[in-house]
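Novice: Make the full structure from the sequences, and use the hints.
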Amino acid sequence: MTNWLEKHLPKIVLGPSFIAIILFVYGFIAWTAWISFTRSRLMPKYDIVGFIQYERLFDSPRWGVAIDNLFIFGFLFILISMFLGLLLAIFLDQKIRIEGTLRTIYLYPMALSLIVTGTAWKWILNPGLGLEAVFRNWGFSEFKFDWLINPDFAIYTVVIAGVWQASGFVMALFLAGLRSVDQEIIKAAQVDGVPTFKIYSAIIIPSMAPIFLSAFIVLAHLAIKSFDLVIALTGGGPGYATDLPATYMYTMAFSRGDIGQAASSAIIMMIVVFAVVVPYLYSELRAKNDE
Amino acid sequence: MTSILKIKNVNKDFGKITVLNDININIESGDFLVLVGPSGCGKSTLLNCIAGLEKINSGDIFIDNKNMSDVAPKDRDIAMVFQSYALYPTMTVEKNITFGMKVRGIPEDIQKEKLKEVAKQLQIENLLKRKPGQLSGGQRQRVAMGRALVRNPKLFLFDEPLSNLDAKLRVEMRTEIKRLHYDLGASMVYVTHDQIEAMTLATKIVVMKDGFIQQIGTPFEIYNYPENIFVADFMGSPAMNLIEAKTKKEKNYIKIEIKLEDGSLASLKETKNLDLPEDIIVGVRPENITENGNITGSNYQYISSKVDIIEPAGSDTFVVTKLGNKEVTARFHSETDVQIGSKVKFSFNLEKVSYFDPKNGQRIN
Amino acid sequence: MMNNINKTNYNNLILRFLLYAILLVFVLYYLLPLFVMITTSLKSLEEIRTGSLVSLPRNVTFEAWGTAWSSACTGIQCEGLRPFFWNSIFIAIPAVLISTLIGALNGYVVAQWRFKGANIIFALMLFGCFIPFQVILLPMARVLGIMDLAGTITGLIFVHVIYGIGFTTLFFRNYYVNIPNELVKAAKIDGANFIRIFWSIFLPLSLPIIVVTVIWQFTQIWNDFLFGVSFSQAGTQPITVALNNIVNSTTGVKEYNVDMAAAIIAALPTLVVYIFAGKYFIRGLTAGSVKG
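Residue numbers (numbering that gives the first Met the number 0), protein chains in the order written: chain V, 0 to 290; chain C, 0 to 364; chain W, 0 to 291.
These aren't lab readings, by the way, just hints derived from the structure by calculation.
In this text, all values refer to a predicted model and were calculated from it rather than measured experimentally.
Glycine is no exception: its CB is placed at the ideal position from the N, C-alpha and C atoms.
Hints are not guaranteed to be accurate.
[As the list claims (entries may be wrong)] Straight-line C-alpha distance at most 30 Å; calculated DSSO-like pairs for lysine-lysine:
id, chain 1, residue 1, chain 2, residue 2
1, C, K271, C, K247
2, C, K208, W, K184
3, C, K130, C, K111
4, W, K184, C, K203
5, C, K73, V, K10
6, C, K305, C, K258
7, C, K128, W, K184
8, C, K5, V, K6
9, C, K7, W, K187
10, W, K184, V, K10
11, W, K115, C, K73
12, W, K187, C, K15
13, W, K184, C, K65
14, W, K184, C, K15
15, C, K130, W, K187
16, C, K65, W, K187
17, C, K177, W, K184
18, C, K111, W, K184
19, C, K15, V, K6
20, W, K184, C, K101
[To be verified] Some chain C residues flagged as far from chain W (calculated, every beta-carbon gap over 12 Å):
id, residue
21, D21
22, F61
23, K128
24, R178
25, L183
26, G184
27, Y224
28, D232
29, P276
30, D278
31, D307
32, Q338
33, N359
Specialist: Given below as structure tokens:
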């Protein structure tokens, strides 16, 4: 008896987690997908009626705004975070004496809840009392910075707060990547007289391609999941000008009592994440298995 | 003498690939068996199967005449020394050695006693309180052996234990292992890819390639009577010369024709009554090709050939010439005066020649 | 000759100076919100209205802090953050411990006890880390209701454990995969079984990864908002939800100093962890992300 137990113990240990994942991840995804094909409103109905929810979704102007915002926010957030992260990483790589302290300072925002971040930036960007007032006090009496309550510009405040939160992490990733480049190649280039700028642009940065990919994946993932930040910073407003698919889904699920819409919007989010993450995971796992 | 390990018709698959093909080996108590071969030949896999760490698909393994199917490694009365020593990194040397006894519930006083014995034997008494990270490679190796010794097993298994050591240390530890074998009279199965280790340590060698046994024999047999071209080439250093030749049957002998560098043919006379095919490979070790002035037996025949390279190596000088389109190495005395480019008589000892059939690589004589 | 060397040294000096200057500007950028939060929380409302965002408080007052902790309104209740602080503690600590333990055992199995399908199971778990949680909110709400855990602390612990297992397994698996399998073989021959090998050999080796995992999990769970706001009710909300309620409450006068004090209180635990164990935190963030 104990021999059988001993032989199968590894499987038995992994079992519960496996079952949990099957049920609570894949099973739940299936349930949500099912619901997205029904007429469910406040209570779930299980009769499949086709793509009605998706049609309603893409007809909804609010969802349109949410998708637009996702692309604007996603694009700017990822681009600026990567650029800033890379810049800071390169600077920090220059044998700075206080590197440890600087790294700690650049990275601490990642330890904060997005609610805290949103709250802080909401205050800083406050039209009457925040940065706008500061610049006005300093003599720029015409200075206007009311993005927070401006429907056309509010989404950019989310970008500002998001970049502040995440760029330190990107910097840490890139710094580790810069340093993992084979030192011998760099020394050879230095001996050859290659200028520092060229060493970075022609040797180091191209060899960091996998890390760019990792950073992109993590940032894209953060962008798609952005919920806390919007709730704290703008509440989705003004109106629904800063809605993102995540906040749309939540509103539909818990305020509007329209779980058909909530489900379909969740599935769309899922597909977007899928499209970005699956190819990456597939190539990572293959690489690890080959090792 | 009793059979201590019997491997009968063992096969092992790994998915679609067969990694062990019909393995049959038999050794007796006190033997030192070496499994040798290139990477991927299956020697480590076979060792793991003997240990019970991997399953076999068919066949049987008997340790001390007991069938080991379904017997867990801990119940096989074996001990194993690994290439990377596999010492438990967070435990002291003492705890590393006594861990197995502790798990088995052996009383502490007996544990202490055995520990003292083994520590004395391997001269690691002063290392007992250290952790593996604080030891040198050679010291770790001894601790690994201590862990094995303390189990007093029927069979010691070694998986390339010296591969991680530098050359000098390797030679030292090799001697220690040999001495241990002699002192204990223990049965050992040893895996290595280094044929020198195999030749110096073994009482019996199994040469493997691609999951098949190529030859089983004593070091003497393997060295002097290799059963195929692979064994001939793999074992012995410097390697055996393998010369392409053609045979012609004459009235009282077989003429063996070898092409010289300039295209002309030289010939040797094989007087033994052998059935040689028209195309053969002549296998002869460098020490059996010497300078002409060294004829002691009547079966030395010479071929005159141009010297290509000279490699002085202390007490000998290796002289390289081209025969049968291949570079052939001969072993001359270092005092002999040889010039590159000059034509010299190379003396072949036909008593020590091996003939191989190029079609299947098998030995003919 | 001397002039050229001086000139290069001079140029280098200027470049170094510029480098440090730029880096310092970014220090200001990253510290600004923290500075503003702290100073604002120490000002009186009047000073906030009449003063500047970036000025130091003229009269330091801790009144806002008191309010934030014990009397700020988070909806109908006006008990401050204190009860919600404890909610977060009661949620985070069990969830962190349980998910870490499960992750360790799982990682051990996947890394050292390869069996058929183990890699597929691991891949499935890994993928589970990446899903947007919106896609499980609805069914989880229903299931929690069925299990009679809706709106309870236990329910939130359950949710955090389930969705934390993927990450914790990943961390431990990546760590254990670098431990030579020969250790397991040697231990097997010594007679140790599955549990014994984990307890005597792997666990003692695991301190670094346990620290990383615990810090990562604690930060994730303490800072979570989505699960908190979806699966709790008025009494069981975690501190992030309470903070949001305080800040975004539509009733009464906006007390910016209270908002800021509340934000800092909510941020303190993870911030303190970061300051004292920061390098392990960074290792956790980059574990598995950086190739090699």
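Novice: The structure should be examined with respect to each hint, and the outcome stated for every one.
Specialist: Outcome of the hint check:
Using a Cα cut-off of 30 Å, the hinted pair K271 of chain C and K247 of chain C holds, with the two alpha carbons roughly 14 Å apart. In summary, the hint linking K208 of chain C to K184 of chain W is supported, as the alpha carbons are separated by about 25 Å, within the 30 Å threshold. For the hint linking K130 of chain C to K111 of chain C, the alpha-carbon distance of about 18 Å falls within 30 Å, and the restraint holds. For the given pair, K184 of chain W sits about 26 Å from K203 of chain C by alpha-carbon distance, which is consistent with the 30 Å threshold.
Distance hint between K73 of chain C and K10 of chain V is fulfilled; the C-alpha atoms sit about 21 Å from each other, no more than 30 Å. Distance check on the hinted pair: K305 of chain C and K258 of chain C sit about 12 Å apart at the alpha-carbon level, within 30 Å; holds. Restraint check for K128 of chain C and K184 of chain W: the C-alpha separation of about 24 Å stays at or below 30 Å, so the hint holds. A distance of roughly 26 Å separates the Cα atoms of K5 of chain C and K6 of chain V; the hinted pair therefore holds under the 30 Å criterion.
Taking the CA atoms of K7 of chain C and K187 of chain W, the gap is near 25 Å; set against the 30 Å cutoff, the hint holds. Only pairs whose Cα atoms come within 30 Å are accepted, and K184 of chain W paired with K10 of chain V is accepted, the gap being roughly 18 Å. For a cut-off of 30 Å, the pair hint linking K115 of chain W to K73 of chain C stands: about 23 Å separates their Cα positions. At most 30 Å may separate the alpha-carbon atoms for a hinted pair to count; K187 of chain W and K15 of chain C meet this at roughly 28 Å.
The straight-line distance between the Cα atoms of K184 of chain W and K65 of chain C is roughly 22 Å, inside the 30 Å bound, and the hint therefore holds. Using a Cα cut-off of 30 Å, the hinted pair K184 of chain W and K15 of chain C holds, with the two alpha carbons roughly 25 Å apart. For a cut-off of 30 Å, the pair hint linking K130 of chain C to K187 of chain W stands: about 21 Å separates their Cα positions. For the given pair, K65 of chain C sits about 20 Å from K187 of chain W by alpha-carbon distance, which is consistent with the 30 Å threshold.
With a C-alpha separation of about 25 Å, the suggested pairing of K177 of chain C with K184 of chain W holds against the 30 Å cut-off. Restraint check for K111 of chain C and K184 of chain W: satisfied, since their Cα atoms lie roughly 24 Å apart, inside the 30 Å limit. Pair hint K15 of chain C plus K6 of chain V holds up; C-alpha atoms about 24 Å apart against a cutoff of 30 Å. Proposed proximity of K184 of chain W and K101 of chain C is supported: the alpha carbons are some 17 Å apart, at most 30 Å.
Distance check on D21 of chain C: its Cβ is at least 26 Å (rounded) from any Cβ of chain W, clearing the 12 Å threshold; non-interface status holds. No beta-carbon of chain W comes within 12 Å of the beta-carbon of F61 of chain C; the shortest separation is about 18 Å. The Cβ of K128 of chain C lies farther than 12 Å from every Cβ of chain W, with a closest approach of about 17 Å, so its non-interface assignment holds. The Cβ of R178 of chain C sits about 24 Å from the closest Cβ of chain W, beyond the 12 Å cut-off, so the non-interface label holds.
Every CB of chain W lies more than 12 Å from the CB of L183 of chain C, the least distance being 18 Å, so the non-interface label holds. Every C-beta of chain W lies more than 12 Å from that of G184 of chain C, the closest at about 22 Å, which supports listing it as non-interface. Look at Y224 of chain C: its CB is around 36 Å from the nearest CB on chain W, clear of 12 Å, so calling it non-interface holds up. Distance check on D232 of chain C: its Cβ is at least 31 Å (rounded) from any Cβ of chain W, clearing the 12 Å threshold; non-interface status holds.
The non-interface label for P276 of chain C is consistent with chain W: the shortest C-beta to C-beta separation is roughly 48 Å, beyond 12 Å. For D278 of chain C, the non-interface assignment is confirmed: its Cβ lies about 47 Å from the closest Cβ of chain W, beyond the 12 Å cut-off. With a cut of 12 Å on Cβ distances, D307 of chain C stays outside the contact zone with chain W, its closest approach being about 46 Å. At roughly 54 Å, the least C-beta separation between Q338 of chain C and chain W is larger than 12 Å, which holds for a residue marked as non-interface.
With a least CB separation of 38 Å from chain W, N359 of chain C remains clear of the 12 Å interface cut-off, as annotated.
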